[in-house]
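*Asks:* From first to last, the protein sequence lines stand for chains A and B.
Just so you know, the first sequence maps onto residues 63 to 360 in my numbering.
Just so you know, the second sequence maps onto residues 4 to 298 in my numbering.
Heads up, some of the hints might be wrong.
To be verified - Keeping only pairs whose Cα atoms sit at most 25 Å apart, straight-line, the calculated SDA-like set for lysine to any residue is:
| hint | chain 1 | residue 1 | chain 2 | residue 2 |
| --- | --- | --- | --- | --- |
| 1 | B | LYS125 | B | MET136 |
| 2 | A | LYS66 | B | VAL149 |
| 3 | A | LYS189 | A | ILE209 |
| 4 | A | LYS189 | B | SER63 |
| 5 | A | LYS66 | B | VAL271 |
| 6 | A | LYS189 | A | PHE221 |
| 7 | B | LYS29 | A | PHE196 |
| 8 | B | LYS68 | A | GLY214 |
| 9 | A | LYS255 | B | PHE21 |
| 10 | A | LYS130 | A | LEU336 |
| 11 | B | LYS178 | B | LEU203 |
| 12 | B | LYS178 | A | LEU68 |
| 13 | A | LYS130 | A | CYS346 |
| 14 | B | LYS178 | A | LEU72 |
| 15 | B | LYS125 | B | PRO185 |
| 16 | B | LYS201 | B | LEU120 |
| 17 | A | LYS69 | B | VAL184 |
| 18 | B | LYS29 | A | ASP257 |
| 19 | B | LYS29 | A | LYS66 |
| 20 | A | LYS290 | B | PRO139 |
| 21 | B | LYS68 | A | GLY321 |
| 22 | B | LYS29 | A | LEU72 |
| 23 | A | LYS66 | B | SER63 |
| 24 | A | LYS255 | A | ILE281 |
| 25 | B | LYS68 | B | SER198 |
| 26 | A | LYS290 | A | LEU72 |
| 27 | B | LYS68 | B | VAL42 |
| 28 | A | LYS255 | B | LYS29 |
Said to hold, decoys possible - Derived coverage of chain A by chain B (criterion: at least 3 residues anywhere in the stretch with Cβ under 8 Å from a Cβ of chain B; other residues may be distant):
| hint | segment |
| --- | --- |
| 29 | 67 to 78 |
| 30 | 195 to 201 |
| 31 | 204 to 217 |
| 32 | 310 to 322 |
| 33 | 332 to 338 |
No wet-lab data here; the hints were simulated from the structure.
Please read these numbers as outputs of a predicted model, since none were measured by experiment.
For glycine and all other residues, C-beta sits at the position ideal for the given N, C-alpha and C.
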Amino acid sequence: MEKKSLKGWLYLLPAILFLGCFLVYPLIDVFVYSVEEGYNFASQTYSGTGLYNYSYVLRDPYFLQALKNTFLLVVITVPVSTGLSLLISVGLSSIRPLRELFQTIFFLPYVTNTLAVGLVFMILFKKTAYTDGFVNLLLNWFGAGSIDFIDGPYAAKMFVLCLYTIWVVMPFKILILTSALASVNQTYYNAAKIDGTSGLRIFFRLTLPMISPTLVYLIITGFIGAFKAYSDAVALFGTDLNAAGMNTIVGYVYDMLYGNSGGYPSYASAAAVLLFAIVLTITCINLLVSRKHVHYFS
Amino acid sequence: MKDLKKEESMITETGKAFRARRTALKAVTYVFLTFWGLVVLFPFYWMVLTSVKSYGAYNSEYIPKLFTLSPTLENYAEAFTAVPLARYFANTILFTVGTTALMLAVTVLSAYAFARLDFRGKNLVFVIFLSLMMIPNELVVITNYVTVTNLDLRNTFTGLILPSVTSVFYIYLLKENFEQVPDQLYYAAKVDGTSDLKYLFRVMIPLCRPTIVTITILKAIECWNSYVWPRLVTDDQNYFLVSNGIQAIRENGFGRENIPAMMAAVVVISLPLIVLFLFFRRMIMAGVSRGGTKG
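Whenever a hint applies, use it, and build me the whole structure from the sequences.
*Replies:* See the structure below:
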């Protein structure tokens, strides 16, 4: 028995080593860092413990800007992308011909490099001395004036960021929702049809409740994902997000850690812990709200 | 009799209206889906289109043209000569292969331990593993960065690969699959005196190949697109991955204005994953719907 026990642990050893070094230890350490005041990266010393790092971060205008940007991004992209992907999935499951083709095309953004395609979005929206860019061409066709979406007004920049984020997160949502819709038992639909129930009523009274657990899953993961937005913004506005006024919370963490404004792991840790607290709170609220509205069928 | 006829015609009438409405709905659905298809495909079209326009042609178009009559491949040559794109590629391939191979070894061994071996504390460790799935990467990246810096592993493949290896979720996925292999096979192998390791390689892995291929592909996609960690631990161009390469190109590569060359680089970077996707479409989509998220 002892020998057998040993064998099991031996098989687990690599995983435990990796997880211990790069997941468990850092997790504890980040809280330690966040309360070490005046931490010096070079000498690895600190002057005291307390909550100063948190109050510094909470008063830093760059952090507040990042907080605002992230919240706006979350509030806009989560409902829009969930609603849009629901519409598309319902459309997909109601057709036969060309369905596979559409599914394949819709999934493409999932397998692309966020940084690389973000560059294409930047070019489509950017206005330079040489060209107004493609999107402004469209705007001009409709009689509107040109806007610089990349270096221009805040609302325009936010619009591009939201649009690109939605473009990136749609494939996952469409895929999950389409398979959820496909798994709804067909007999329910047949029964509803025999009763002469209208299409809209079927959707709200039958389809939506049946897929509500999946929707909740998507909304929760959507919230978590949107709160951690970063590379999309880098792709569009470059690495100096503070200068562009488009930083996100995660971006703030990395900027504190590294680069021209970096070298402050304590501030970075405090910001990361704050982010974690926000995400945890929102997820709990989501779960509480959804418990009242979700129908679980067994 | 007359009434009956009237009623009959009314029924066919509503039937016709019903069918017309259904056709209209179908048409609207197709138009809507096609519209979204265009939104998805247009950036790809634009990147290929721009990459085959010559530098001069692109910069003389104040109003961008939607097609080109004189495509050129000079931008691709430029992309490979003016910046070390081939180097970024080789680095990314090395990083992807190294990380994925290590991940597979770790995952297979621990999934086997959880699914097949009995030992004290197994359930407790499994619960701890599951709870580790909830820890966001952003929380641990700070200490990992400090660790790697202190160990002098910045700008090395060791520093790039090691913290990216483990994915608890894949251990869970593979364990579930391993458990579906009937116990009888194991006992039969034991009677024949097969060792656990041999049983794992000769029976379990071949039987669970689809899951193993799926997690391999998902991990490879994740590696190919990873940006944050490589950016933190590399500042030497010789160790850049494609994501960092593209960012460097954007900020000071070809000179800010050579957009066609930039787009050629973007095409080259995007192509491998798209080809992989077209080959393994069903497998990737099934794998992602079983629990992938955008990494």
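*Asks:* Next, verify each hint and record whether it holds.
*Replies:* Verification of the supplied hints:
1. LYS125/B with MET136/B: Roughly 17 Å separates the two Cα atoms, so the pair holds.
2. LYS66/A with VAL149/B: With a Cα-Cα distance of about 38 Å, the restraint between LYS66/A and VAL149/B is violated, given a limit of 25 Å.
3. LYS189/A with ILE209/A: holds, 7 Å
4. LYS189/A with SER63/B: At roughly 14 Å apart (the allowed maximum being 25 Å), SER63/B and LYS189/A satisfy the hint.
5. LYS66/A with VAL271/B: Not OK: LYS66/A and VAL271/B at ~51 Å, beyond 25 Å, violated.
6. LYS189/A with PHE221/A: holds, 15 Å
7. LYS29/B with PHE196/A: Violated: LYS29/B and PHE196/A sit about 31 Å apart, past 25 Å.
8. LYS68/B with GLY214/A: Holds, because 24 Å separates the two Cα atoms, which is no more than 25 Å.
9. LYS255/A with PHE21/B: holds, 13 Å
10. LYS130/A with LEU336/A: holds, 14 Å
11. LYS178/B with LEU203/B: holds, 12 Å
12. LYS178/B with LEU68/A: Answer holds: LYS178/B to LEU68/A is near 19 Å, not above 25 Å.
13. LYS130/A with CYS346/A: Judged against 25 Å, a Cα distance of about 21 Å means the pair holds.
14. LYS178/B with LEU72/A: holds, 17 Å
15. LYS125/B with PRO185/B: holds, 20 Å
16. LYS201/B with LEU120/B: Holds. LYS201/B to LEU120/B sits at ~14 Å (cutoff 25 Å).
17. LYS69/A with VAL184/B: With a Cα-Cα distance of about 20 Å, the restraint between LYS69/A and VAL184/B holds, given a limit of 25 Å.
18. LYS29/B with ASP257/A: Holds, at roughly 22 Å.
19. LYS29/B with LYS66/A: violated, 62 Å
20. LYS290/A with PRO139/B: Holds, at roughly 9 Å.
21. LYS68/B with GLY321/A: violated, 39 Å
22. LYS29/B with LEU72/A: violated, 59 Å
23. LYS66/A with SER63/B: violated, 74 Å
24. LYS255/A with ILE281/A: Not satisfied, since the Cα-Cα distance of roughly 30 Å exceeds 25 Å.
25. LYS68/B with SER198/B: Since the Cα atoms of LYS68/B and SER198/B sit roughly 67 Å apart, the hinted pair is violated (cutoff 25 Å).
26. LYS290/A with LEU72/A: This hinted pair is violated, its Cα atoms lying about 36 Å apart.
27. LYS68/B with VAL42/B: Within the cut-off at roughly 18 Å; holds.
28. LYS255/A with LYS29/B: holds, 18 Å
29. 67 to 78: Since 10 is at least three, the answer is holds.
30. 195 to 201: Coverage by chain B holds for the segment 195 to 201 of chain A (3 residues, Cβ < 8 Å).
31. 204 to 217: Since three or more residues must qualify, the claim that chain B covers the segment 204 to 217 of chain A is violated, with 0 doing so at under 8 Å.
32. 310 to 322: Result for this restraint: holds, n = 5.
33. 332 to 338: holds (count 4)
The structure is inconsistent with the numbered hints 2, 5, 7, 19, 21, 22, 23, 24, 25, 26 and 31, although it conforms to all the rest.
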